[in-house]
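Novice: Start from the sequences and build out the full structure, keeping to the hints where you can.
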Amino acid sequence: MKIYVNGAVTTQFGELWGVSPRSLARGSVESALKDAGIESGQVEALFVGNMLSGMLGGQEHLGAFFAEELGLSVPAFKVEGACASGGLALHNAVNSLLSGQYATVAVLGIEKMTDHKPEDVATALMGAGSEEERSAGATFPGLYAMLARMHIQEFGTTEEQLAAVAVKNHYHASLNPNAQFHNLLTVEQVMGSSKVADPLKLLDCSPISDGAAAVILSSKKAKGSVEIAASVVATDSLGLAQRTHLTQLTSTQKAAQKAYHIAGIRADDVRVAEVHDCFTIAEVLAMEDLGFFPRGEAAVAIEKGETRLGVSTRVVVNPSGGLKGCGHPVGATGVKQVVELVEQLRGSAGKRQVDNATIGLSHNVGGSGATAVVHILKK
Amino acid sequence: MQSPVKIWRNQKNIANLVGKTGKILSWTIVRVPPGDFTDQAPYPVVLVELESGKRVTCQLVDYEESNLAFGQSVVTIIRRVTHPDSDGVIPYGIKAKPLV
Numbered sequence: 001m002k003i004y005v006n007g008a009v010t011t012q013f014g015e016l017w018g019v020s021p022r023s024l025a026r027g028s029v030e031s032a033l034k035d036a037g038i039e040s041g042q043v044e045a046l047f048v049g050n051m052l053s054g055m056l057g058g059q060e061h062l063g064a065f066f067a068e069e070l071g072l073s074v075p076a077f078k079v080e081g082a083c084a085s086g087g088l089a090l091h092n093a094v095n096s097l098l099s100g101q102y103a104t105v106a107v108l109g110i111e112k113m114t115d116h117k118p119e120d121v122a123t124a125l126m127g128a129g130s131e132e133e134r135s136a137g138a139t140f141p142g143l144y145a146m147l148a149r150m151h152i153q154e155f156g157t158t159e160e161q162l163a164a165v166a167v168k169n170h171y172h173a174s175l176n177p178n179a180q181f182h183n184l185l186t187v188e189q190v191m192g193s194s195k196v197a198d199p200l201k202l203l204d205c206s207p208i209s210d211g212a213a214a215v216i217l218s219s220k221k222a223k224g225s226v227e228i229a230a231s232v233v234a235t236d237s238l239g240l241a242q243r244t245h246l247t248q249l250t251s252t253q254k255a256a257q258k259a260y261h262i263a264g265i266r267a268d269d270v271r272v273a274e275v276h277d278c279f280t281i282a283e284v285l286a287m288e289d290l291g292f293f294p295r296g297e298a299a300v301a302i303e304k305g306e307t308r309l310g311v312s313t314r315v316v317v318n319p320s321g322g323l324k325g326c327g328h329p330v331g332a333t334g335v336k337q338v339v340e341l342v343e344q345l346r347g348s349a350g351k352r353q354v355d356n357a358t359i360g361l362s363h364n365v366g367g368s369g370a371t372a373v374v375h376i377l378k379k
Numbered sequence: 001m002q003s004p005v006k007i008w009r010n011q012k013n014i015a016n017l018v019g020k021t022g023k024i025l026s027w028t029i030v031r032v033p034p035g036d037f038t039d040q041a042p043y044p045v046v047l048v049e050l051e052s053g054k055r056v057t058c059q060l061v062d063y064e065e066s067n068l069a070f071g072q073s074v075v076t077i078i079r080r081v082t083h084p085d086s087d088g089v090i091p092y093g094i095k096a097k098p099l100v
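Line by line, the protein sequences give chains A and H.
Once you know that position 215 of the first sequence is 215 in my numbering, the rest is easy, because the numbers rise by one and skip nothing.
Once you know that position 52 of the second sequence is 52 in my numbering, the rest is easy, because the numbers rise by one and skip nothing.
If you are wondering where the hints come from, they were derived from the structure by calculation, not from laboratory data.
In this text, all values refer to a predicted model and were calculated from it rather than measured experimentally.
Hints are not guaranteed to be accurate.
Pair ranges (Cβ atoms, derived) [to be verified]:
#1 A:L98 x H:V18: 24 to 32 Å
#2 A:G310 x H:Q11: 42 to 50 Å
#3 A:K351 x H:D85: 19 to 27 Å
#4 H:D62 x A:K379: 39 to 47 Å
#5 H:I78 x A:A103: 57 to 65 Å
Chain H regions said to be covered by chain A (calculated; three or more residues, Cβ under 8 Å) [unchecked claim]:
#6 25-34
#7 56-65
#8 70-83
As a list, the in silico DSS-like pairs of lysine-lysine whose alpha-carbon atoms are at most 27 Å apart [unchecked claim]:
#9 H:K12 x A:K195
#10 A:K379 x A:K351
#11 H:K54 x H:K12
#12 A:K304 x A:K351
#13 H:K20 x A:K195
#14 A:K254 x A:K378
#15 A:K254 x H:K54
#16 A:K220 x A:K34
Each residue gets a CB set at the ideal place from its N, CA and C atoms; glycine is no exception.
Specialist: Put into structure tokens, the structure is as follows:
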């Protein structure tokens with residue numbers, strides 16, 4: 001059985017103080033249904049990717065909450081896996097179709113983060129880490145900063161090379177009308193921004209964002225369908241201290257290798273990728289763990305523009321602007337990545353269209369690598 | 001949300017980790033902390049490999065800037081982690097200090 005994305009939409013990402021989670025959900029799902037050319041009555045189940053509704057908003061029971069808002073009296077589920085919640089929701093939706101239980105389902109990734117002050121958001125996000133890390137007063141920038149420092153030590157990666165990731169992704173975001181940021185950055189601006197968790201600086205970090213993305217998945221092909229050729233999840237220890245490796249994410253490697261095998265492709269076949277750049281170092285790790293570059297060589301390649309739109313001859317990475325430029329409403333991100341790939345594979349990505357986009361890969365990470373989700377999409 | 005029961009249950013885990021020596025594998029300085037740690041920031045968080053091979057993530061205290069270095073020897077100690085909440089139980093945990 002083949003699984004298709006028949007409708008795919010994101011809302012504007014950003015500081016959406018005037019918009020409620022209900023209206024974000026309605027806007028994205030109704031548009032995705034229209035994109036798929038179906039009525040809401042044809043949706044047989046709803047999968048919601050979300051992390052923080054309970055801790056920040058005090059609202060759990062999100063399946064029923066959004067089913068009510070969307071007027072869907074169907075089985076509905078919240079799927080949580082930290083910042084990989086969106087990717088995990090997709091994976092569960094794909095499995096429900098493969099089981100034959102449903103023929104058409106909706107996946108909604110959604111997060112409302114800017115209603116709350118940054119310290120509270122940082123505390124809530126640390127729910128994705130280990131108890132030991134919470135007791136240490138660690139933050140996610142702090143955990144990735146420790147990975148960055150080890151990568152710098154082992155491979156000679158420079159802070160300027162990390163900054164180049166943010167510069168590239170802001171350029172891509174400037175071409176994406178739904179992105180949170182449309183301003184271009186320079187390496188100097190990133191290097192001069194205030195330190196958040198040394199060696200990571202403010203502009204090495206993805207922002208706190210609001211936003212939603214929705215896709216309609218079906219086992220029936222339709223006009224504009226894009227095939228999901230692989231949907232794979234891998235896990236690792238919650239905390240960094242329990243990992244075997246600290247300059248690579250084993251979960252990403254495992255998920256990617258299995259996904260390539262299932263899709264019958266190699267890393268070199270991927271023309272467009274949306275990867276989890278929650279921090280600039282995370283994109284460097286992703287490039288190496290996904291097999292796009294040998295270990296220790298990705299940062300130099302990114303700095304040379306080898307993954308930049310209009311320069312790259314092999315794979316454009318994060319044409320949406322990534323988490324850094326497009327924004328990172330955590331539960332929405334994994335779904336948004338697939339929406340971007342669908343637009344790229346359909347050839348409807350406008351100014352940020354990647355040439356010859358025939359195979360796309362999305363990579364969504366939860367925590368500091370405890371969950372990794374990889375999807376491969378084919379035209 | 002703190003729980004006195006959880007704090008009590010974790011006592012033996014904390015006791016088993018005290019007084020162990022090890023070396024710093026990596027470190028950062030947290031400048032934008034979670035809400036319960038705002039009065040402590042900025043503070044260093046270190047990843048330590050103990051002599052037993054076990055690794056721990058914890059804060060470094062009683063340190064000088066030169067102690068933030070690969071391979072710096074440290075010893076684990078008990079320190080207050082954050083403020084008690086309305087239950088009044090003081091949460092203690094593991095931190096590390098440089099071994100000189």
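Novice: For the pair supplied as a hint, K220 (chain A) and K34 (chain A), is the alpha-carbon distance within the 27 Å limit?
Specialist: holds (16 Å)
Novice: Starting from the range 24 to 32 Å, see whether the pair L98 (chain A) and V18 (chain H) falls in it by beta-carbon distance.
Specialist: 50 Å Cβ-Cβ, so the 24 to 32 Å window is violated.
Novice: Given the hint that K304 (chain A) pairs with K351 (chain A), test it: the Cα-Cα distance must not exceed 27 Å.
Specialist: Satisfied, since the Cα-Cα distance of roughly 21 Å is no more than 27 Å.
Novice: Has the given pair, K54 (chain H) with K12 (chain H), been kept, meaning a C-alpha gap of at most 27 Å?
Specialist: holds (16 Å)
Novice: Using the beta carbons of I78 (chain H) and A103 (chain A), state whether their distance is inside 57 to 65 Å or not.
Specialist: holds (58 Å)
Novice: Tell me if the straight-line CA distance from K254 (chain A) to K54 (chain H) falls inside 27 Å.
Specialist: Holds. K254 (chain A) to K54 (chain H) sits at ~24 Å (cutoff 27 Å).
Novice: For the pair we were handed, K379 (chain A) and K351 (chain A), check the Cα-Cα distance against 27 Å.
Specialist: Roughly 19 Å separates the two Cα atoms, so the pair holds.
Novice: Is the listed coverage of the segment 70-83 of chain H by chain A valid when you require three or more residues with a beta carbon under 8 Å from a beta carbon of that chain?
Specialist: holds (count 3)
Novice: Are G310 (chain A) and Q11 (chain H) spaced within 42 to 50 Å by their CB atoms?
Specialist: This hint is violated: roughly 59 Å between Cβ atoms.
Novice: Are there three or more residues in the segment 56-65 of chain H whose C-beta lies within less than 8 Å of some C-beta in chain A?
Specialist: holds (count 4)
Novice: Would the pair K12 (chain H) and K195 (chain A) pass a check requiring their Cα atoms to be no farther apart than 27 Å?
Specialist: Cα-Cα ~36 Å, so violated.
Novice: Using the C-beta atoms of D62 (chain H) and K379 (chain A), is the stated range 39 to 47 Å upheld?
Specialist: violated (60 Å)
Checked against the numbered hints given earlier, this structure breaks hints 1, 2, 3, 4, 9, 13; the rest are met.
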